[in-house]
Amino acid sequence: NAGVTQTPKFQVLKTGQSMTLQCAQDMNHNSMYWYRQDPGMGLRLIYYSASEGTTDKGEVPNGYNVSRLNKREFSLRLESAAPSQTSVYFCASSVKLGQVFTGELFFGEGSRLTVL
Amino acid sequence: KNQVEQSPQSLIILEGKNCTLQCNYTVSPFSNLRWYKQDTGRGPVSLTIMTFSENTKSNGRYTATLDADTKQSSLHITASQLSDSASYICVVSAIRNYGGSQGNLIFGKGTKLSVKP
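So the sequence lines, in the order shown, correspond to chains A and B. With this note's numbering applied, the first sequence corresponds to residues 112 to 227, in that order. With this note's numbering applied, the second sequence corresponds to residues -8 to 108, in that order.
Hints were generated in silico from the structure; no laboratory data involved. Nothing here was measured: the structure is a model prediction, and the numbers come from that model. Quick reminder that beta carbons are idealized off the backbone N, C-alpha and C, glycines included. Don't take each hint at face value.
List time: in silico DMTMM-like cross-link candidates among lysine to aspartate or glutamate, alpha-carbon distance up to 25 Å [said to hold, decoys possible]: (1) B:K28 with A:E220; (2) B:K62 with A:E215; (3) A:K168 with B:E45; (4) B:K(-8) with A:E184; (5) B:K(-8) with A:D149; (6) A:K207 with B:E45; (7) B:K103 with A:E220; (8) B:K100 with A:D137; (9) B:K28 with A:D137; (10) A:K120 with B:E45; (11) B:K28 with A:E163; (12) B:K(-8) with A:E220; (13) B:K103 with A:E170.
Chain A regions said to be covered by chain B (calculated; three or more residues, Cβ under 8 Å) [stated by the list, open to error]: (14) 180 to 193; (15) 216 to 227.
Looking from chain B toward chain A, a few residues come up when the C-beta cut is under 8 Å (computed) [what the hints assert, rightly or not]: (16) P(-1); (17) P20; (18) N23; (19) R33; (20) G34; (21) S37; (22) I40; (23) K48; (24) G51; (25) F98; (26) K103.
Assemble the whole structure, with the sequences as input and the hints as a guide.
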């Protein structure tokens, strides 16, 4: 079972370049998320999509855009990359985000982005 | 403010020894608490979930405890192995969705455990 698949796994960008991180899940989950992980900061939510057709900002949305393409796919776009966006990005999915949520997220392997 | 604090930040132990990781939270209203294990270069994977009514739960050599009164949880690892070297992340779920700033999940910053031979 593939679970959550992210591409690319590694990327080096120059300041000002744009790129899109792709994420797909095959578990029929309703909710999907993008996190970034930096040393000493833990995982921080960038954007999430509670269900197909909806997206919402997380804790650190500035400089990013997202698209919930369909139930399986959720992409993260950096329009003009900055060195502060150097990080490891994780896509995750869950059964359903709602009032009573078990909290189990299924994560991808991560995408390591360096902005020079 | 809803917060999750983990201690220690890092820990080095010898193979075969036991250790305990701590998680204190101020999240309210509390729904559940989950421990994740994150191997180096991988995504986090859930180890166990603790709900309000549960005090102790074991998953092999991992035992999680929850004291909902003091808002504390611990993860105890028995007879550590080299493969236990990882970061352990405590995540608390609130019952209500807090308007989208964090969804309803509050993450700790993790404890990095190194098990040495």
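Now for the hints, and whether the structure bears them out:
1. A hinted pair counts as satisfied when its Cα atoms are at most 25 Å apart, and B:K28 with A:E220 qualifies at roughly 13 Å.
2. Between the alpha carbons of B:K62 and A:E215 the distance comes to roughly 20 Å, so the proposed pair stays at or under 25 Å and holds.
3. Using a Cα cut-off of 25 Å, the hinted pair A:K168 and B:E45 is violated, with the two alpha carbons roughly 33 Å apart.
4. The hinted pair formed by B:K(-8) and A:E184 fails the criterion: a straight-line CA distance of about 33 Å is larger than 25 Å.
5. Of the pairs offered as hints, the one joining B:K(-8) and A:D149 holds, with about 22 Å between alpha carbons and a cut-off of 25 Å not exceeded.
6. Taking the CA atoms of A:K207 and B:E45, the gap is near 23 Å; set against the 25 Å cutoff, the hint holds.
7. A C-alpha spacing of about 18 Å is found between B:K103 and A:E220, which places the hinted pair at or below 25 Å, so the restraint holds.
8. Taking the CA atoms of B:K100 and A:D137, the gap is about 28 Å. The hint is violated against a cut of 25 Å.
9. The suggested pairing of B:K28 with A:D137 holds, with an alpha-carbon distance near 22 Å, which does not exceed 25 Å.
10. Our distance criterion of 25 Å between C-alpha atoms is broken by A:K120 and B:E45, whose separation comes to about 38 Å.
11. The straight-line distance between the Cα atoms of B:K28 and A:E163 is roughly 28 Å, outside the 25 Å bound, and the hint therefore fails.
12. A C-alpha spacing of about 31 Å is found between B:K(-8) and A:E220, which places the hinted pair above 25 Å, so the restraint is violated.
13. For the hint pairing B:K103 with A:E170, the CA-to-CA distance comes to about 23 Å; that is within 25 Å, so the pair holds.
14. Only residues whose C-beta sits within less than 8 Å of a C-beta in chain B count toward coverage, and the segment 180 to 193 of chain A has 0 of them, not enough to reach three; the restraint is violated.
15. Given as covered by chain B, the segment 216 to 227 of chain A passes the check, having 5 residues with a CB less than 8 Å from a CB of that chain where 3 are the minimum.
16. With a cut of 8 Å, the hint placing B:P(-1) at the interface with chain A is violated, because the nearest CB-to-CB distance is about 14 Å.
17. The restraint placing B:P20 at the interface with chain A is violated, with a minimum CB-CB distance near 10 Å, outside the 8 Å limit.
18. Among the interface hints, the one on B:N23 holds; its C-beta lies about 6 Å from the nearest C-beta in chain A, closer than the 8 Å criterion.
19. Nearest Cβ of chain A to the Cβ of B:R33: about 6 Å, under the 8 Å cut. The hint holds.
20. Evaluation of the B:G34 hint against chain A yields a held restraint, the C-beta minimum of about 3 Å falling below 8 Å.
21. For B:S37, the interface hint holds, the least distance from its beta-carbon to any beta-carbon of chain A being 5 Å, beneath 8 Å.
22. Against a cut-off of 8 Å between C-beta atoms, the interface hint on B:I40 holds, since the closest Cβ of chain A lies about 6 Å away.
23. Interface restraint check for B:K48: the shortest CB-CB distance to chain A comes to about 14 Å, outside 8 Å, so the restraint is violated.
24. For B:G51, the suggested interface contact is broken, since its CB lies about 18 Å from the closest CB of chain A, more than 8 Å.
25. A hinted interface residue such as B:F98 counts as satisfied when its beta carbon comes closer than 8 Å to some beta carbon of chain A; here the least separation is about 5 Å, so the hint holds.
26. Violation of the interface hint for B:K103 is found here, the shortest Cβ-Cβ separation to chain A being roughly 10 Å, above the 8 Å cut-off.
In this structure, the earlier hints numbered 3, 4, 8, 10, 11, 12, 14, 16, 17, 23, 24 and 26 are contradicted, and the remaining ones agree with it.
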